[in-house]
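Asker: Residue numbers (our numbering), protein chains in the order written: chain W, 1 to 309; chain D, 1001 to 1309; chain Z, 2001 to 2309; chain E, 3001 to 3309.
Errors might be hidden in some of the hints.
Taking lysine-lysine pairs in the DSBU-like style, the calculated list, with each CA pair at most 35 Å apart, reads [what the hints assert, rightly or not]: (1) K1105(D) to K105(W); (2) K2252(Z) to K3105(E); (3) K1105(D) to K252(W); (4) K272(W) to K1252(D); (5) K105(W) to K2023(Z); (6) K3252(E) to K2105(Z); (7) K1272(D) to K1038(D); (8) K1105(D) to K2105(Z); (9) K1252(D) to K105(W); (10) K3038(E) to K1105(D); (11) K2077(Z) to K3252(E); (12) K1252(D) to K1105(D); (13) K1033(D) to K3105(E); (14) K1272(D) to K252(W); (15) K3252(E) to K1105(D); (16) K1252(D) to K77(W); (17) K2105(Z) to K38(W); (18) K105(W) to K2105(Z); (19) K105(W) to K3105(E); (20) K3033(E) to K1105(D); (21) K1252(D) to K3105(E); (22) K1105(D) to K23(W); (23) K2038(Z) to K105(W); (24) K2252(Z) to K3272(E); (25) K272(W) to K1033(D); (26) K2105(Z) to K33(W); (27) K3272(E) to K1038(D); (28) K2023(Z) to K3038(E); (29) K3023(E) to K1105(D); (30) K2252(Z) to K105(W); (31) K3252(E) to K2272(Z); (32) K252(W) to K2105(Z).
These are computed hints drawn from the structure, not numbers from a lab. Note that this is a predicted model, so its numbers are computed, not measured.
Protein chains: 4
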Amino acid sequence: MVDLQVLARDVHAELNGEADRGKVADYIPELAKVSLNKFGIAIANLDGVCFTAGDADEAFSIQSISKVFALALALGKVGDALWRRVGREPSGSAFNSIIQLEHEKGIPRNPFINAGAIVVSDIILAGHRPREAIGEILRFVRVAANDETVSIDPAVARSEQEHGFRNAALANYMRAFGNIRNSVELTLGVYFHQCAIEMNCVQLAQAGLFLANGGCDPRSGISVVSRERARRISALMLTCGHYDGSGDFAFKVGFPGKSGVGGGILAVVPGKASIAVWSPGLNAQGNSLLGTKALERIAQRTGWSVFGT
Amino acid sequence: MVDLQVLARDVHAELNGEADRGKVADYIPELAKVSLNKFGIAIANLDGVCFTAGDADEAFSIQSISKVFALALALGKVGDALWRRVGREPSGSAFNSIIQLEHEKGIPRNPFINAGAIVVSDIILAGHRPREAIGEILRFVRVAANDETVSIDPAVARSEQEHGFRNAALANYMRAFGNIRNSVELTLGVYFHQCAIEMNCVQLAQAGLFLANGGCDPRSGISVVSRERARRISALMLTCGHYDGSGDFAFKVGFPGKSGVGGGILAVVPGKASIAVWSPGLNAQGNSLLGTKALERIAQRTGWSVFGT
Amino acid sequence: MVDLQVLARDVHAELNGEADRGKVADYIPELAKVSLNKFGIAIANLDGVCFTAGDADEAFSIQSISKVFALALALGKVGDALWRRVGREPSGSAFNSIIQLEHEKGIPRNPFINAGAIVVSDIILAGHRPREAIGEILRFVRVAANDETVSIDPAVARSEQEHGFRNAALANYMRAFGNIRNSVELTLGVYFHQCAIEMNCVQLAQAGLFLANGGCDPRSGISVVSRERARRISALMLTCGHYDGSGDFAFKVGFPGKSGVGGGILAVVPGKASIAVWSPGLNAQGNSLLGTKALERIAQRTGWSVFGT
Amino acid sequence: MVDLQVLARDVHAELNGEADRGKVADYIPELAKVSLNKFGIAIANLDGVCFTAGDADEAFSIQSISKVFALALALGKVGDALWRRVGREPSGSAFNSIIQLEHEKGIPRNPFINAGAIVVSDIILAGHRPREAIGEILRFVRVAANDETVSIDPAVARSEQEHGFRNAALANYMRAFGNIRNSVELTLGVYFHQCAIEMNCVQLAQAGLFLANGGCDPRSGISVVSRERARRISALMLTCGHYDGSGDFAFKVGFPGKSGVGGGILAVVPGKASIAVWSPGLNAQGNSLLGTKALERIAQRTGWSVFGT
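Whenever a hint applies, use it, and build me the whole structure from the sequences.
Answerer: Structure below.
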């Protein structure tokens, strides 16, 4: 039996000295100014106990990790009807590619690329004002994290909006095919605010526990999603959670994860743990370089793998 | 605890009456003449005991399922050097697409699409005569299946060769980039013979046991591949095993599988079982229609899922 | 020597009874409600004399034909610097495709597909208010047509704006690469108004005379563009003027032309004539079906071809 | 009136000192060993008189320029039925791209990219032995050039065959769609020999005269193709003759041309002249760098342009 506290500290210590830490995302100034030296790890076991190392208490922009929570929320609202508007296949291309949308007539490949997540935002927005939809997403994350202090960084949200031309292209393109149903501006407003949620590794690891625990938060006992839905969201994280590096992540790490350009990764080991890592430098596929390495080592030391025996 | 014999029979009985059974592959006459009514199931537990229903004893052409065994063999020969010539990402396109090869300069996306499997054949062939390479693949499958009677259907191999223009296009294309190193004819000869291996569901389920059991055949005790390699091959099966239906298979079934155009699917439940299903009618993605449904039901009844708790 | 009046009447009479007239563009209601029966021809010789048949006096929405005039205007403003932001190659894809933009980092293939024309609008807008830029385009067309009554249909412009999601996608996408420099809304405002210019065949044929006459309006004697520029704009019309039907148009008709989804085509026979045809039904490539046939017959009867001897 | 002899000499003299001469094609050793310093020009007027400069008498491999003669020959055999198997649109991609073939189910975009020319070879081969088909192509070129000494370089043909994996990929791919009807080996044999035809600038310029002269050889008076066919082949040269640099060539040079990777370009000025230029260094689009510049200068000095007045 691995001591998770020792594990977190050891992995952090081993990797913290690495010179090659990737490249911080620079498409918005708010992300670009985060220090490349940040590196945090939090491992939450199924009792909800959290073991940490490094900058695990420092908040960062969760960015695309929010797509996991938004998907869970949207499935709760519309159920499998969601899959008429979003696919479930790995994309085989970059996170913000628009090519696939032309070939498939406005239906994004999966809910974890930008186009798919924008459709999910559009579903959550339906019949509400943007402020309400954003509030609902934030509430969902707070319940999952069991922490009322989780919040949105308005400067990041504003900056996303000001620089979000590729996302505006995706949204307008899908609107042309009828797959965005609210106004493009309002749907993107929801999407940009969701991406701007700030969390630290501890909050994030705890917010992922329901996925590791059959849909149920082991601390509060609340059923966040059904057991089957928890599995299916996990399956999507494994096949689509790391953009065009998803296959490699499954191969090397072996359990589901979802990365964000802020440098965070939420990983889920069914029946074992929920793990959050954060280091803002990204690799060529846009996933945290140190974060990915940290998860590889955690997998090696623990033997955790959904493909294991 | 589910009674696997009852399970196999029930699932077979429930689905055997289905009118919509998909479409038999017709690109070679040998496959086209197989009856759409065939339907077999075999579930092997980790003691090597096999529970069957329907046409589980009738041999069929395993086609692309052979890619799993060839990959395991090639990894045994050259190790991770293999990954310099083949990727590990889902393809996002059809099994015989050539587009990706142009974008990625002759490196196939993964070893389970045709282009990737042809490179694997080329690796196995290196330094040997085709007859030897084919013999080696066949021996590997016989050892895995614990059955010396597994053989190759020469009529199918010949027919593949006569109609294999798209595969010849793929091989020549990769040869132009230096990613096929033997003569195209010889490498394709190996590939076509490997695809023409005939097995029944019982043999196939037993041949998959080493993947479900940490790399080791539970009957013979022989370590076929290392524990880590078994996990990694399983990870590739989950992310890439069903062509452009892989994400959907992971979502609905929840454990690794590899399909073939002969209508077979080999599925692996780590620590639980190895399952072979066969029904020659294919769905739009080229995977067995009844076979996929059967695996969905088996997953539902048993609760088996790599994402489960 | 062909009698152009007889020619116009004969070709009109021969084709006017055709049952298959294509399909009226229906992406905005204003275009959809135009009668499929409309069919006009105007042939202007280099003396500025116009020979007409059918509905040659009825105004229609020139749509993409306006791209020729906007290009001439923008080249007058910034010269060859324009070609740093727009290519000169046929697109090999549909008029509103976004795929090419991703492959070529926001640089449209040519100024006659939507993306390229939007960049041209952005260039004309630079340093002005939209109203001024629109006024300048309209003035250019009025001078070319020698007719002050040419105007913009505000209902069409408004409707383009309301349904212009694909164009908004293109503009936002190019903005992300820095190839749109004004606000997307303002640039699209200019573009949508330019597309909404209304002209009849007589006006349009006369507006094309400067291209057939070495850059100079033969009636007024005014040099609209230089001789070299007239040739180069004509070359672009030949290679790129009919979207993915440009090669076919060059093959069958043999002189430069530019079509619009309103069903108009402006064709230019250097040293001979400027021709406008209009019939709102479109073929599969989005070009006027009867209009294209009319130009083929005119080419056959006159022997006009830039490839002729 | 320009003195064509002075023109040829001046343009040669002006450009011959250029340091940047592009890059010699190196995919086969026979082409790679040609000196980058070679540079020849031949201009044939409609009387068949030829004005030359530089290395105009030195034979080179005409490569893709042969596609013009093969197309003319094939159209003579099967007429417009050819267009059921080959398109007439610019490709929007590289000369040896295979992507388009997948999107358009084995129908090449035009007869001047490799895939299209291989179909043309297949048409010429139909019902003959390869030796006969090759003989027929060679005879056609000899008649057009009015020169019985034109021949094929067997070393080049052999080398093409040995390194022709991308062409083999194209041919096999089209065979899979039924658009190659003879054996792939035999069709490619014809194609590779056709590409290996050797000519010098004088022979080539004379061989293009029938296109500049309404289909008729002005020296012999023989009608090689009909007037309409001469125009249509010229139209295809203009829209598709320079791969993905065709639009630019039309824009800058303004008359039809066809380039080959051997560094030759055959250009046709209807009613004026046939021009051959040769310099083995290629630009980024695979067209002769000095050759293209020479044609631009010839166009400027003479005012020749199909778009001129």
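Asker: Take the hints in turn and mark each one as holding or not.
Answerer: Evaluation of the provided hints:
1. K1105(D) to K105(W): Judged against 35 Å, a Cα distance of about 28 Å means the pair holds.
2. K2252(Z) to K3105(E): Distance of about 24 Å is within 35 Å: holds.
3. K1105(D) to K252(W): Roughly 24 Å separates the two Cα atoms, so the pair holds.
4. K272(W) to K1252(D): OK: K272(W) and K1252(D) at ~22 Å, within 35 Å.
5. K105(W) to K2023(Z): Distance of about 21 Å is within 35 Å: holds.
6. K3252(E) to K2105(Z): Holds. K3252(E) to K2105(Z) sits at ~24 Å (cutoff 35 Å).
7. K1272(D) to K1038(D): Roughly 26 Å separates the two Cα atoms, so the pair holds.
8. K1105(D) to K2105(Z): holds, 20 Å
9. K1252(D) to K105(W): holds, 24 Å
10. K3038(E) to K1105(D): Roughly 32 Å separates the two Cα atoms, so the pair holds.
11. K2077(Z) to K3252(E): holds, 20 Å
12. K1252(D) to K1105(D): holds, 34 Å
13. K1033(D) to K3105(E): With a Cα-Cα distance of about 26 Å, the restraint between K1033(D) and K3105(E) holds, given a limit of 35 Å.
14. K1272(D) to K252(W): Holds. K1272(D) to K252(W) sits at ~22 Å (cutoff 35 Å).
15. K3252(E) to K1105(D): holds, 32 Å
16. K1252(D) to K77(W): At roughly 20 Å apart (the allowed maximum being 35 Å), K77(W) and K1252(D) satisfy the hint.
17. K2105(Z) to K38(W): Holds. K2105(Z) to K38(W) sits at ~32 Å (cutoff 35 Å).
18. K105(W) to K2105(Z): holds, 22 Å
19. K105(W) to K3105(E): holds, 20 Å
20. K3033(E) to K1105(D): holds, 26 Å
21. K1252(D) to K3105(E): holds, 32 Å
22. K1105(D) to K23(W): Holds, at about 26 Å.
23. K2038(Z) to K105(W): Holds: K2038(Z) and K105(W) sit about 32 Å apart, inside 35 Å.
24. K2252(Z) to K3272(E): holds, 22 Å
25. K272(W) to K1033(D): Roughly 49 Å separates the two Cα atoms, so the pair is violated.
26. K2105(Z) to K33(W): The hint holds at about 26 Å.
27. K3272(E) to K1038(D): violated, 72 Å
28. K2023(Z) to K3038(E): Roughly 55 Å separates the two Cα atoms, so the pair is violated.
29. K3023(E) to K1105(D): Distance of about 21 Å is within 35 Å: holds.
30. K2252(Z) to K105(W): holds, 32 Å
31. K3252(E) to K2272(Z): holds, 22 Å
32. K252(W) to K2105(Z): holds, 32 Å
Violated hints, in rising order: 25, 27 and 28; the structure is consistent with all others.
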